[in-house]
Amino acid sequence: ILNVEQSPQSLHVQEGDSTNFTCSFPSSNFYALHWYRWETAKSPEALFVMTLNGDEKKKGRISATLNTKEGYSYLYIKGSQPEDSATYLCAFIGGGSYIPTFGRGTSLIVHP
Amino acid sequence: DGGITQSPKYLFRKEGQNVTLSCEQNLNHDAMYWYRQDPGQGLRLIYYSQIVNDFQKGDIAEGYSVSREKKESFPLTVTSAQKNPTAFYLCASSIDWTGYLQPQHFGDGTRLSIL
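Protein sequences appear in the order of chains A and B. Okay, so the first sequence: first residue is 1 according to our numbering, each after it adds one. Okay, so the second sequence: first residue is 1001 according to our numbering, each after it adds one.
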């Protein structure tokens, strides 16, 4: 079973704060890393698909970076808003398998 | 709009009873997946199907069964052999099982509880 770790487990920030969290994964046999946002009572929604070492992707105030050599990805949110409150999941695809292995997620709560 | 529909949203199971969770997609995706989520845990794979009439066990398949008779449908049966079925169940699909360049699409989930 592949080990995919996300930290921190939960995060409380004030509106306007910038924040970041980490997804760690095996550094060998990397195929892709997916980031998802999962709001309460909704289905998980894809944010980014990252495939190349050094990848940087951006969607509005959210961006992500990828380091496959050391096995981590960072997700950044600039100027957090209450609507950013959600659980952020990463999913690693690799290690000889095309089936995603999910981390436990980081729960973000943005206080107005 | 294309998407994945899971039903019911909430389900209650009596001891010794089998229950079936529905998952339907109209995305024309070949691959479908069932995950289970418990508090404080990540999504754990129960079963997946690469193509119609084919399915494979995931990490926690014991006590569950599936079928894939139609491309659109991938129902999950929680059998009486599953001793701890209380959890949140999420169905997903992807273009094909090797399509890691595309993300998965998810349903809204079914919460199963024991009566």
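It should be emphasised that the hints constitute simulated quantities derived from the structure, not laboratory data. Just so you know, not all the hints are guaranteed correct.
[Stated by the list, open to error] Distance condition first, Cα-Cα at most 25 Å in a straight line; then the derived SDA-like pairs of lysine to any residue:
#1 A:Lys-78 to A:Ser-97
#2 A:Lys-42 to B:Asp-1108
#3 A:Lys-58 to A:Gly-96
#4 A:Lys-42 to B:Ser-1080
#5 A:Lys-42 to B:Pro-1039
#6 A:Lys-42 to B:Ala-1081
#7 A:Lys-42 to B:Glu-1015
#8 A:Lys-57 to B:Ile-1095
#9 B:Lys-1014 to B:Ile-1114
#10 B:Lys-1070 to B:Gly-1099
[What the hints assert, rightly or not] These stretches of chain B come out as covered by chain A in the derived footprint (C-beta under 8 Å, 3 or more residues):
#11 1031 to 1043
#12 1103 to 1114
[What the hints assert, rightly or not] Derived DEER-like restraints, expressed as beta-carbon distance ranges:
#13 B:Lys-1057 to A:Asp-17: 39 to 49 Å
#14 A:Glu-5 to B:Thr-1086: 32 to 42 Å
#15 B:Ser-1067 to A:Gly-79: 28 to 38 Å
Note that CB positions come from ideal geometry on N, CA and C, so glycine has one too.
Now for the hints, and whether the structure bears them out:
1. Of the pairs offered as hints, the one joining Lys-78 of chain A and Ser-97 of chain A is violated, with about 34 Å between alpha carbons and a cut-off of 25 Å exceeded.
2. Between the alpha carbons of Lys-42 of chain A and Asp-1108 of chain B the distance comes to roughly 6 Å, so the proposed pair stays at or under 25 Å and holds.
3. Proposed proximity of Lys-58 of chain A and Gly-96 of chain A is contradicted: the alpha carbons are some 28 Å apart, above 25 Å.
4. Taking the CA atoms of Lys-42 of chain A and Ser-1080 of chain B, the gap is about 29 Å. The hint is violated against a cut of 25 Å.
5. For the hint pairing Lys-42 of chain A with Pro-1039 of chain B, the CA-to-CA distance comes to about 17 Å; that is within 25 Å, so the pair holds.
6. With a CA separation close to 30 Å, the supplied pair Lys-42 of chain A and Ala-1081 of chain B exceeds the 25 Å bound.
7. For the suggested pair Lys-42 of chain A and Glu-1015 of chain B, the alpha carbons sit about 29 Å apart, so the restraint of at most 25 Å is broken.
8. A hinted pair counts as satisfied when its Cα atoms are at most 25 Å apart, and Lys-57 of chain A with Ile-1095 of chain B qualifies at roughly 22 Å.
9. The hinted pair formed by Lys-1014 of chain B and Ile-1114 of chain B meets the criterion: a straight-line CA distance of about 6 Å does not exceed 25 Å.
10. For the proposed pair Lys-1070 of chain B and Gly-1099 of chain B, the alpha carbon gap of about 20 Å is at most 25 Å, so the pair holds.
11. Coverage of the stretch 1031 to 1043 of chain B by chain A holds in this model, with 6 residues showing a Cβ closer than 8 Å to a Cβ of that chain against a need of three.
12. Against chain A, the stretch 1103 to 1114 of chain B contributes 7 residues with a C-beta closer than 8 Å to a partner C-beta. That satisfies the three-residue criterion, and the hint holds.
13. Between Lys-1057 of chain B and Asp-17 of chain A the beta carbons are some 43 Å apart, a value that agrees with the proposed interval 39 to 49 Å.
14. A hinted range of 32 to 42 Å is violated for the C-beta pair Glu-5 of chain A and Thr-1086 of chain B, which are about 26 Å apart.
15. Under the hint 28 to 38 Å, the C-beta atoms of Ser-1067 of chain B and Gly-79 of chain A, about 47 Å apart, miss the expected range.
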